[in-house]
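Undergrad: Got chain A; can you put chain B on it based on the hints?
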Amino acid sequence: MNDLNDDFFRHISSEFNEELEALRRSLLEMGGLVEEQLRAALQFYSTQDSSLLSKTDEIEKKINAAEIDLDEQVEALIVRRQPIASDLRLVLAVSKIVRDLERMGDELDKVGSLSLECFTSGSDVGVTEIQRIAEQVAKMLNESLNAFARLDLDLAREIFRREREVDKVYQSALRALATFMIEDPRNIGRVLNIVWIARSLERVGDHATNIAEYVIYLVQGVDVRHPGVNQNSFE
Amino acid sequence: METIVSDSMVQNTNQLEGRAVPEKTLGDIQVDNPRMTARNVNVFYGEKKAIDNISLDIGVSQVISFIGPSGCGKSTFLRCLNRMNDTIDICKVDGEIKIDHQNIYDSAIDVVSLRARVGMVFQKPNPFPKSIFDNIAYGPRIHGLAASKVELDQIVESSLQRAGLWEEVKDRLDQPGTGLSGGQQQRLCIARAIAVSPEVILMDEPCSALDPIATAKVEELIHELREQYTIVIVTHSMQQAARVSDRTAYFHLGKLVEVGDTKQVFTNPKHELTQDYITGRFG
Chain A
1 MNDLNDDFFR
11 HISSEFNEEL
21 EALRRSLLEM
31 GGLVEEQLRA
41 ALQFYSTQDS
51 SLLSKTDEIE
61 KKINAAEIDL
71 DEQVEALIVR
81 RQPIASDLRL
91 VLAVSKIVRD
101 LERMGDELDK
111 VGSLSLECFT
121 SGSDVGVTEI
131 QRIAEQVAKM
141 LNESLNAFAR
151 LDLDLAREIF
161 RREREVDKVY
171 QSALRALATF
181 MIEDPRNIGR
191 VLNIVWIARS
201 LERVGDHATN
211 IAEYVIYLVQ
221 GVDVRHPGVN
231 QNSFE
Chain B
1 METIVSDSMV
11 QNTNQLEGRA
21 VPEKTLGDIQ
31 VDNPRMTARN
41 VNVFYGEKKA
51 IDNISLDIGV
61 SQVISFIGPS
71 GCGKSTFLRC
81 LNRMNDTIDI
91 CKVDGEIKID
101 HQNIYDSAID
111 VVSLRARVGM
121 VFQKPNPFPK
131 SIFDNIAYGP
141 RIHGLAASKV
151 ELDQIVESSL
161 QRAGLWEEVK
171 DRLDQPGTGL
181 SGGQQQRLCI
191 ARAIAVSPEV
201 ILMDEPCSAL
211 DPIATAKVEE
221 LIHELREQYT
231 IVIVTHSMQQ
241 AARVSDRTAY
251 FHLGKLVEVG
261 DTKQVFTNPK
271 HELTQDYITG
281 RFG
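Chains A and B supply the protein sequences, listed in that same order.
Position one of the first sequence corresponds to residue 1 (the numbering used here), numbered consecutively onward.
Position one of the second sequence corresponds to residue 1 (the numbering used here), numbered consecutively onward.
Keep in mind that the hints are not guaranteed to be accurate.
Cβ-Cβ distance ranges computed for the label pairs, FRET-style [claimed, not checked]:
| id | chain 1 | residue 1 | chain 2 | residue 2 | range |
| --- | --- | --- | --- | --- | --- |
| 1 | A | Glu21 | B | Asn40 | 40 to 46 Å |
| 2 | B | Glu220 | A | Ala149 | 41 to 47 Å |
| 3 | A | Glu21 | B | Gln239 | 19 to 25 Å |
| 4 | B | Asp106 | A | Phe9 | 50 to 56 Å |
| 5 | B | Asn40 | A | Val229 | 29 to 35 Å |
| 6 | B | Ser208 | A | Asp106 | 46 to 52 Å |
| 7 | A | Arg164 | B | Glu199 | 31 to 37 Å |
| 8 | A | Ile78 | B | Arg172 | 41 to 47 Å |
| 9 | A | Phe9 | B | Ile213 | 31 to 37 Å |
| 10 | B | Ile88 | A | Arg10 | 35 to 41 Å |
| 11 | B | Gln264 | A | Ala76 | 49 to 55 Å |
| 12 | A | Asp106 | B | Glu23 | 51 to 57 Å |
| 13 | A | Asp71 | B | Glu220 | 28 to 34 Å |
| 14 | B | Asn42 | A | Arg10 | 28 to 34 Å |
Note that these hints are calculated values from the structure, not bench results.
Owing to the predicted nature of the structure, the values given are computational and were not obtained by experimental measurement.
Where is the CB? At the ideal position from N, CA and C, for every residue including glycine.
So here's chain A without its partners, still in its complex pose (with noise of 0.2 Å):
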């Protein structure tokens, strides 16, 4: 097969390559709108920085923005192209993706909301558990988002050996954050919330995860999800 990437712009119909250019595009422009958004909720977690706050939510609504314009854009590909075979797996996973994408937003949004909830309090418990598990995360999106540019298999494999690092340092980040809960019961309420937080980054990973199975559906054409039920999973 020729290399995908090049190939998705040999069609005759230059129109056609054009729209298919333009969904990749539109769907990077939206990744990298999430990508944003998770610095945006970070610093807001780390600064306290109020008039962060405002941004997430202005990126919130170009991310949903976004989702409904990817969504017409596949809908007018399969009305006007019926398209097939490479162009199909393109149009399918372009619009799961935007899917992954919006959700990722909704859970960064909580990120926000939550931190705001944290800072009734000056203590720093619990700053080194998110950040770690952010620093994981945000590497997760940004690969995977680069998995899809690239139509990289080695890239969207990657990622799942991240995400079993980042079920690790949740895992960890829980058991550290249910110490200080024990210690002194006061904190239960705080600590919830920062749990609550890397509950969501953590969600934000397994979406990132969806991305990279869909990079390889894109180009393989083989479904590697939920391995038990499908014998295509790497599992």
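TA: Only chain B this time, still in chain A's reference frame:
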């Protein structure tokens, strides 16, 4: 009878030359329950090789579509299956094609009865310039399939019914077949093919002259007929191939590049030529 050899079939399409065509067909050429089997089939028009070493099984009660660019050999190969190519002087076929384990190119085979077993429907509806009734009754009469007028009436009625045309024409069976609409004429031709109880029906772009409604009716008919007949359809419409067929075979420059389950071919084709053709990437 319409022209059998078009220029595009004899000439090579230059723009496609230079692309690597695999020596061996990708995908499974065999099926568990074959109605017809073709092995190492070559077809020459004079010096020109139009079909290059094609082997393929065609399964019982299965719809298989042949797709590929103009001049790729799909219609030529289709016409080998009921020896329509015999009518062209310069055409020579070698290799082996069997129906129910019987070689159709065997000298003992009666070509007329072979063409009753392997019927054909053409691109342009071509009803005989006779009444609707006689269009259907013609085959059963020459093959001696009806012992009485009553039996002939039954064959005509059941053929028209199976072709989904009975309700539309039952009150005007004595009127000329050529007076029907294009879509009705095509279904009349399918009814005519069915009337001689074929095992296989070959369809060469049966809907390319029809509007979407008439096309949908013919496709619905193909869907209903698949239970009883093996259907081979040549089509230029990718969507039609995807809609109607169980298996899809992609031809290119006289070779069979790839054959597989229709879903696989249209979601994840194995060969880049297949991929490029079905997605509209031949420049």
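Undergrad: Does each hint fit the structure? Answer for all of them.
TA: Evaluated hints:
At about 44 Å, the CB distance of Glu21 of chain A to Asn40 of chain B agrees with the hint of 40 to 46 Å. At roughly 44 Å, the beta carbons of Glu220 of chain B and Ala149 of chain A sit within the given window of 41 to 47 Å. Between Glu21 of chain A and Gln239 of chain B the Cβ separation comes to about 24 Å, which falls inside the hinted range of 19 to 25 Å. In this structure the supplied range 50 to 56 Å holds for Asp106 of chain B paired with Phe9 of chain A, their Cβ-Cβ distance being about 52 Å.
Checked against the hint of 29 to 35 Å, the pair Asn40 of chain B and Val229 of chain A fails, with Cβ atoms roughly 43 Å apart. For the hinted restraint 46 to 52 Å between Ser208 of chain B and Asp106 of chain A, the CB-CB distance of approximately 50 Å keeps it satisfied. For the pair Arg164 of chain A and Glu199 of chain B, the beta carbons lie near 57 Å from each other, so the given range of 31 to 37 Å is not met. For Ile78 of chain A and Arg172 of chain B, the hinted distance range of 41 to 47 Å is satisfied, since their beta carbons lie about 42 Å from each other.
The beta-carbon spacing between Phe9 of chain A and Ile213 of chain B, approximately 36 Å, falls within the hinted interval of 31 to 37 Å. Taking 35 to 41 Å as the suggested C-beta distance range, the pair Ile88 of chain B and Arg10 of chain A conforms, at roughly 37 Å. Separated by about 27 Å at the C-beta atoms, Gln264 of chain B and Ala76 of chain A break the suggested range of 49 to 55 Å. The hinted window of 51 to 57 Å between Asp106 of chain A and Glu23 of chain B holds, with their beta carbons roughly 53 Å apart.
The hinted range of 28 to 34 Å is satisfied by Asp71 of chain A and Glu220 of chain B, whose Cβ atoms lie roughly 32 Å apart. For the hinted restraint 28 to 34 Å between Asn42 of chain B and Arg10 of chain A, the CB-CB distance of approximately 32 Å keeps it satisfied.
Of the numbered hints stated above, those contradicted by the structure are hints 5, 7, 11, listed in ascending order.
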